[in-house]
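Visitor: Going line by line, the protein sequences match chains X and Y. 1 is the number of the first residue of the first sequence in my numbering; add one for each residue after it. 157 is the number of the first residue of the second sequence in my numbering; add one for each residue after it.
In the DSS-like style, the derived pairs of lysine-lysine whose C-alpha atoms are separated by at most 27 Å in a straight line are:
| id | chain 1 | residue 1 | chain 2 | residue 2 |
| --- | --- | --- | --- | --- |
| 1 | Y | Lys-432 | Y | Lys-347 |
| 2 | Y | Lys-346 | X | Lys-43 |
| 3 | X | Lys-30 | Y | Lys-371 |
| 4 | X | Lys-102 | Y | Lys-288 |
Some, not all, of what chain Y presents toward chain X, calculated at C-beta under 7 Å:
| id | residue |
| --- | --- |
| 5 | Ser-289 |
| 6 | Trp-343 |
| 7 | His-348 |
| 8 | Thr-357 |
| 9 | Val-376 |
| 10 | Asp-377 |
| 11 | Leu-381 |
The hints are simulated quantities; they were obtained by calculation from the structure and are not laboratory data. Fair warning: this is a prediction, and the values are worked out from it, not measured in the lab. Using N, Cα and C, we set each Cβ at its ideal position, and we do this for glycine too.
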Amino acid sequence: MVQNSGSSTPHEAFEGLREMRDAYLDAMSKAMIDVVNSDAYTKATGSMMEGYLSWATPFRESLDTIMRQSLEQMSLPSRQEVAVLAERFTNVEMRLDDVDAKLDEIARSISELSVAGEVASTGEKKSTPPRKKAPAPKRVTSRKSATSRKAPAGKG
Amino acid sequence: MSIGMTQAAFHPESSALEERWQTLSRVMTTKAAIAQTPKELIWSLNKARLYRYVPVVSPEKRHSVPLLLVFALMNRPYILDLRRGHSFVEFMVNLGYDVYLLDWGVPGLEDAQLKLDDYILDYLPRAIRKMKSVSGSPEFSLLGWCIGAILTTTYAALRADGGIRNLILLTAPLDFSNRSDVTFSRWTDKKHFDVERILATFGNMPGEMIDYGAKALRPVDNYVLNYLKLLDNLDNPRVVESWHAMNTWVTDNIPMAGGAFRQLIVDLYQNDRLMKGELIIRGERVDLNRLRANLLTVIAQGDHITPPCQSEAILTKIGSTDTDLYRVPGGHIGIMAGSGAHKLTWPYIDQWLGSRSQRN
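Same shape as in the complex, but just chain X (with noise of 0.2 Å):
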């Protein structure tokens, strides 16, 4: 990069060996990839964990023992117990959530009705159709909402 000098720098003279670094750590890389992919680094990694478990899951499940003992005789609740409560409690949550969707929905109708009811009134005021007439935007309004319906299963 640097043209103007004829002395090396100590990051030009270094250049070299990163070079022979990267190389290396290229073809490391490579064989370590052909590594895990191998049945005996499976086989290795399983006997490994099937090493850790089998003292681990005893030690683990002797502190459960210990811990929900202690925790009766200091009348406190047990981690399963707390579990159970933490279930409970998401359950609750869901139904609030329900309850939830559900007033927003009846705040949406209400408030699609009294856009609705506006428009009616406004519409009323503005022209007196004849009576014998009313019932037919009723019509156009179901035939509507029936090609609406279909639209999505159309398209699906």
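Based on the hints, put chain Y in the right spot on chain X.
Guide: Just chain Y now, with coordinates in the frame of chain X:
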């Protein structure tokens, strides 16, 4: 005298070294400022949170179909909003999308029994209901990444009439039939991997074990080259800040709920039940042919976590007529958070989604 002269001669070099050391210690010991795009919490259930990103485009210029981002269960979702100027979320919000993010949260021991069924049929539909209510749109787009793609695909097949218009899958591990090219399939083979014993010991699958599994796929790259890249570029603030943000995300490991992990291993990795049409979610069989949403699947050509063969077969199984497959050079995370993401993946997603996000 001579010592003083030597010190003076080396002073610029030593101060540069000191500066590098300070940079190194800062990025190794602190967390980067991530997930900076302004958002508001609009819904929560147990540990899950639904955020809406504050729109920056006026309503008339905005795309009318909202977009929900669903990330994996075992990593933080802020990879989608990594840092200012380099965030997929920010990119989409600036283009006028109404963007929502579902954060599954960190499962505690009390959540060890949570299954994919719960995420797909309790959490996701409720979050979608809230998003529909807030956006006012009966239709929506879903983007699922990694395990998030399993959740969204399954949801889209089970609730095809629920208003889902577009489905975007990123590096989706859906096909587990090819056991020789998928390293995780080898490692989680029944003969060597006793999922029941692991879960009996830990309850949830520990984040550290998941992290080790992901890193061990490319040990030299993750444990050596990654740090050498930082050391070689300590004078380059652009590389340093990018590395810092990514390292913040990579080291922020979370466990995966035991029930969901069991299904991931037994139903998918060991028995490939989704593609075979044998996956049962809360008594319902997942029939991919029922999936009718427009589908874009993005495949990372250099993905070692989800090799391309796992994401290709979905196109032959679903009932959608509008499908697209986009192959991007890069790795599992790099295609969305790497330096080339804003030139390749993000614009492609925008181009595909934009034309399919207008109200009918």
